[in-house]
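**Q** Below are the chains, spelled out letter by letter.
There are 2 protein chains.
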Amino acid sequence: MNSDIPISQIKENQLIQKIIETQRQYSTNDVPYPIFKGIGDDAAVIDLYDDYLIITTDLLNKKHFPIQMSYKQMGWKVITVNISDLAAMGAKPQGMVVAMALNPELTEKEYQSLITGILEACQYYDCPLIGGDTNVSDELTLTATAIGIVKKEDLLQLSTAKPNDKIAITGPLGLTAIGLEYLLSVDYPKLPRNINKKTINFFVKNVLEPKAQLFKAQKYAKHPKIKGATDITDGLARELQIISQKSNVGIKIYENKIPYPKELPKIADYYNKNPEEYILHYGEDFELILILDKEFDMNDSVLNDLEIIGEVTDTNELEIIKSNGKIEKLSPHGYQHS
Amino acid sequence: MNSDIPISQIKENQLIQKIIETQRQYSTNDVPYPIFKGIGDDAAVIDLYDDYLIITTDLLNKKHFPIQMSYKQMGWKVITVNISDLAAMGAKPQGMVVAMALNPELTEKEYQSLITGILEACQYYDCPLIGGDTNVSDELTLTATAIGIVKKEDLLQLSTAKPNDKIAITGPLGLTAIGLEYLLSVDYPKLPRNINKKTINFFVKNVLEPKAQLFKAQKYAKHPKIKGATDITDGLARELQIISQKSNVGIKIYENKIPYPKELPKIADYYNKNPEEYILHYGEDFELILILDKEFDMNDSVLNDLEIIGEVTDTNELEIIKSNGKIEKLSPHGYQHS
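Top to bottom, those sequences are chains Z and X. Here the working numbering = 1-based position in the first sequence + 489. Here the working numbering = 1-based position in the second sequence + 489.
For the record, the hints were derived by calculation from the structure and aren't laboratory data. Among these hints, one or two may not hold up.
[To be verified] The calculated BS3-like cross-link candidates involving lysine-lysine, where the alpha carbons are at most 30 angstroms apart (straight line), are:
id : chain 1 : residue 1 : chain 2 : residue 2
1  : Z       : Lys-561   : X       : Lys-551
2  : Z       : Lys-507   : X       : Lys-700
3  : Z       : Lys-500   : X       : Lys-551
4  : Z       : Lys-640   : Z       : Lys-651
5  : Z       : Lys-746   : Z       : Lys-711
6  : X       : Lys-714   : Z       : Lys-500
7  : X       : Lys-705   : X       : Lys-581
8  : Z       : Lys-552   : X       : Lys-598
9  : X       : Lys-818   : X       : Lys-714
10 : Z       : Lys-714   : Z       : Lys-640
11 : Z       : Lys-581   : X       : Lys-507
12 : X       : Lys-561   : Z       : Lys-551
13 : X       : Lys-714   : Z       : Lys-598
14 : Z       : Lys-811   : Z       : Lys-762
15 : X       : Lys-711   : X       : Lys-783
16 : X       : Lys-811   : X       : Lys-714
17 : X       : Lys-694   : Z       : Lys-507
18 : Z       : Lys-751   : Z       : Lys-694
19 : X       : Lys-507   : Z       : Lys-551
20 : X       : Lys-551   : Z       : Lys-551
21 : X       : Lys-551   : Z       : Lys-507
22 : X       : Lys-818   : Z       : Lys-500
23 : X       : Lys-735   : X       : Lys-641
24 : Z       : Lys-641   : X       : Lys-641
25 : X       : Lys-735   : X       : Lys-746
26 : Z       : Lys-561   : X       : Lys-552
27 : X       : Lys-640   : Z       : Lys-641
28 : X       : Lys-755   : Z       : Lys-581
29 : X       : Lys-679   : X       : Lys-755
30 : X       : Lys-581   : Z       : Lys-507
31 : X       : Lys-598   : Z       : Lys-507
32 : Z       : Lys-561   : X       : Lys-507
33 : Z       : Lys-598   : X       : Lys-507
34 : X       : Lys-694   : X       : Lys-641
35 : X       : Lys-581   : Z       : Lys-641
36 : Z       : Lys-552   : X       : Lys-507
[Said to hold, decoys possible] Non-contacting residues of chain X with respect to chain Z, defined by C-beta distances greater than 10 angstroms in every case (computed):
id : residue
37 : Lys-552
38 : Asn-685
39 : Pro-764
40 : Asp-789
Even glycine gets a Cβ: it sits at the ideal position worked out from N, Cα and C.
Here chain Z stands alone, though its shape is the one from the complex:
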């Protein structure tokens, strides 16, 4: 503590833990759930009579974007990551503010693309851009803060899981992993063996133009038997660990129930990666994990769009039932966001 070691040697979670610890010294900062990215739920909550106000803030800077990403796509991305957090709480967006630290050599044309991306995305998610700030910085840094509202009974919370509840996801995993692997590969733009351009572009689009599951999420929030949600920012395993910790339960998932693109093993092999890493431990997929009440009606048509991949247990363990029937511990390691 209080040492001269640089923070580059400290993990993000530990940095946030320091805030939480320091916060305990300040009585009026006694917040029921202070929410920082990387720990806790997806967004902060303010009690507002019949509703909750949901607030989330995400900061991205240019070095975290692949070099193939256009300024318009960067604008979209900073909006999408925030909307995804609102979605994971079941909230309807009310407004977005964007603070931009612009590097001085950014051209007018690039700036125009950036703000067009921001505004297109705000329109897409029906979340008006209500304000912001601009400033100059050595490095392009975009911070967006999204405000949403959710009826108290509709709030999706990660602390709601109980034994025998079901765990579902909204779509296949590993798409972003493949897309990024390709974009960051040393021999880019060389295609992986036996994979054509059209196929790889599908994955690349997922990296450069991801969409948040906002509209689905609002439907789920109103469903009386869907209790919690989170987006898969840090990889499936890590997000399941957070649910397990917040709810004080265990979770068991089935390897053969997790959907992923059929080309994934081939591409993983080409890049000498374990396909499991792509599917279980990679983030930024923007699909949602949902907690379904144990009394969920298995004939409910909402299941047409969902994959049930596991269930909640009373063991406090994260487990994966392999395709061969063997039960293994599921390592909670996740995608290390720089």
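Use these hints to put chain X onto chain Z, whose structure you have.
**A** Structure of chain X alone, referenced to chain Z:
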């Protein structure tokens, strides 16, 4: 438009104007008052039944802080600038989120000071830190977003000025100007002629440890004859111009009614500056400008804390009545925030 010129050659107001223009193309982004720093009111507004939700976001990076500023003071500052914007709308803070782009060589000790400053300030303003994000960047960049609530009838708006209304300010101007002039002077820490250390420290404290006028502002917001407010981010003259534009009125101020520290002319002289620049065209004073209804009772005790410096006219001009009785146009040029 869409040219290759770098944005460093474009003024902040023009960058923001581009957002507003682009926004018009997006129908669902049809926001009654989109609020960007540098134009319009101090913060964005969301309609919330009986109340307005007030949202403001400010981004500061390390190069904008004087080198004498400690990390703790930086933490305080990013909270204070946001609280000041809430104050100017009459809002009561409900929560703060902070997104930090941390430079990798920042030490654990410096980080601890930074978050201590943030949390102390949140406690001081009774605005809990409810969430945030951390990330890595070449340059320390702090973005805070403050959420406040104000009853609809209490909202302080700049568009409310009418001829014969009074213009008041909450305290003396030019303190920050002097403090910064000293801190940035080439022969720092040499004291200006005839000024002692204690005096200069008073001004320096205003730069390094400014406070927002939050608690006063909440009292003013409840006063039925106080209609509008803004903090003096960009200098008195520039803020009066914004009121004049938003309300479609003129404003006349009296040079000899504007309070400033008695040492100011001497210090301006020492640094070869025009004292008027310090008083009228320098920002970051965190005092508020208030619009008082023309029927304001001049015996009201609330005036004990205020200085009435001028009045609203029907001329659409900004004017200053000099000490010698001459009327001059008041140039609206303001402090150029980098």
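**Q** Now, for every hint given, state plainly whether the structure supports it.
**A** Hint check results:
1. Between Z/Lys-561 and X/Lys-551 the CA atoms are separated by roughly 27 angstroms; this keeps the pair inside 30 angstroms, and the hint holds.
2. Distance restraint check for Z/Lys-507 and X/Lys-700: the Cα-Cα separation of roughly 25 angstroms lies within the 30 angstroms cut-off, and the hinted pair is therefore satisfied.
3. Of the supplied pair hints, the one linking Z/Lys-500 and X/Lys-551 holds, its CA atoms being roughly 22 angstroms apart against a limit of 30 angstroms.
4. The suggested pairing of Z/Lys-640 with Z/Lys-651 holds, with an alpha-carbon distance near 22 angstroms, which does not exceed 30 angstroms.
5. Pair hint Z/Lys-746 plus Z/Lys-711 holds up; C-alpha atoms about 26 angstroms apart against a cutoff of 30 angstroms.
6. Among the hinted pairs, X/Lys-714 with Z/Lys-500 is inconsistent with the structure: their alpha-carbon atoms are about 52 angstroms apart, more than 30 angstroms.
7. Annotation: proposed proximity of X/Lys-705 to X/Lys-581 holds, straight-line Cα distance about 11 angstroms (limit 30 angstroms).
8. As the CA atoms of Z/Lys-552 and X/Lys-598 are separated by approximately 25 angstroms, the hinted pair is consistent with the 30 angstroms bound.
9. At most 30 angstroms may separate the alpha-carbon atoms for a hinted pair to count; X/Lys-818 and X/Lys-714 meet this at roughly 28 angstroms.
10. A C-alpha spacing of about 15 angstroms is found between Z/Lys-714 and Z/Lys-640, which places the hinted pair at or below 30 angstroms, so the restraint holds.
11. Taken as a hint, the Z/Lys-581 and X/Lys-507 pair is honoured in the structure, with Cα atoms around 27 angstroms apart against an allowance of 30 angstroms.
12. For the given pair, X/Lys-561 sits about 27 angstroms from Z/Lys-551 by alpha-carbon distance, which is consistent with the 30 angstroms threshold.
13. The straight-line distance between the Cα atoms of X/Lys-714 and Z/Lys-598 is roughly 47 angstroms, outside the 30 angstroms bound, and the hint therefore fails.
14. With a C-alpha separation of about 19 angstroms, the suggested pair Z/Lys-811 and Z/Lys-762 falls inside the 30 angstroms cut-off, and the hint holds.
15. The hinted pair formed by X/Lys-711 and X/Lys-783 meets the criterion: a straight-line CA distance of about 17 angstroms does not exceed 30 angstroms.
16. Distance check on the hinted pair: X/Lys-811 and X/Lys-714 sit about 28 angstroms apart at the alpha-carbon level, within 30 angstroms; holds.
17. With a CA separation close to 28 angstroms, the supplied pair X/Lys-694 and Z/Lys-507 stays within the 30 angstroms bound.
18. For the hint linking Z/Lys-751 to Z/Lys-694, the alpha-carbon distance of about 17 angstroms falls within 30 angstroms, and the restraint holds.
19. The straight-line distance between the Cα atoms of X/Lys-507 and Z/Lys-551 is roughly 21 angstroms, inside the 30 angstroms bound, and the hint therefore holds.
20. This hinted pair checks out: X/Lys-551 and Z/Lys-551 have alpha carbons roughly 18 angstroms apart, not beyond 30 angstroms.
21. Between X/Lys-551 and Z/Lys-507 the alpha-carbon distance is near 21 angstroms, which keeps this suggested pair within the 30 angstroms criterion.
22. Of the pairs offered as hints, the one joining X/Lys-818 and Z/Lys-500 is violated, with about 57 angstroms between alpha carbons and a cut-off of 30 angstroms exceeded.
23. A threshold of 30 angstroms between alpha carbons decides the hint, and for X/Lys-735 with X/Lys-641 the separation of about 19 angstroms falls inside it, so the pair holds.
24. Between Z/Lys-641 and X/Lys-641, the direct Cα distance comes to roughly 23 angstroms. Compliance with the 30 angstroms bound is thereby established for this hinted pair.
25. Between X/Lys-735 and X/Lys-746 the alpha-carbon distance is near 24 angstroms, which keeps this suggested pair within the 30 angstroms criterion.
26. At roughly 27 angstroms between alpha-carbon atoms, Z/Lys-561 and X/Lys-552 fall within 30 angstroms of each other, so this suggested pair holds.
27. With a C-alpha separation of about 22 angstroms, the suggested pairing of X/Lys-640 with Z/Lys-641 holds against the 30 angstroms cut-off.
28. For the suggested pair X/Lys-755 and Z/Lys-581, the alpha carbons sit about 57 angstroms apart, so the restraint of at most 30 angstroms is broken.
29. About 15 angstroms separates the Cα atoms of X/Lys-679 and X/Lys-755, which keeps this hinted pair within 30 angstroms; it holds.
30. Note on X/Lys-581 and Z/Lys-507: the hinted pairing holds, with a Cα-Cα distance of about 27 angstroms set against a maximum of 30 angstroms.
31. A threshold of 30 angstroms between alpha carbons decides the hint, and for X/Lys-598 with Z/Lys-507 the separation of about 11 angstroms falls inside it, so the pair holds.
32. The hinted pair formed by Z/Lys-561 and X/Lys-507 meets the criterion: a straight-line CA distance of about 15 angstroms does not exceed 30 angstroms.
33. Our distance criterion of 30 angstroms between C-alpha atoms is met by Z/Lys-598 and X/Lys-507, whose separation comes to about 11 angstroms.
34. About 35 angstroms separates the Cα atoms of X/Lys-694 and X/Lys-641, which puts this hinted pair outside 30 angstroms; it is violated.
35. About 22 angstroms separates the Cα atoms of X/Lys-581 and Z/Lys-641, which keeps this hinted pair within 30 angstroms; it holds.
36. Straight-line distance between C-alpha atoms of Z/Lys-552 and X/Lys-507 comes to about 25 angstroms, which keeps the hinted pair within the 30 angstroms bound.
37. The Cβ of X/Lys-552 sits about 8 angstroms from the closest Cβ of chain Z, inside the 10 angstroms cut-off, so the non-interface label is violated.
38. A cut-off of 10 angstroms between C-beta atoms confirms that X/Asn-685 is not in contact with chain Z; the least separation is 35 angstroms.
39. With a least CB separation of 29 angstroms from chain Z, X/Pro-764 remains clear of the 10 angstroms interface cut-off, as annotated.
40. The Cβ of X/Asp-789 lies farther than 10 angstroms from every Cβ of chain Z, with a closest approach of about 31 angstroms, so its non-interface assignment holds.
Going down the numbered hints, you'll see the structure goes against 6, 13, 22, 28, 34 and 37, while the others check out.
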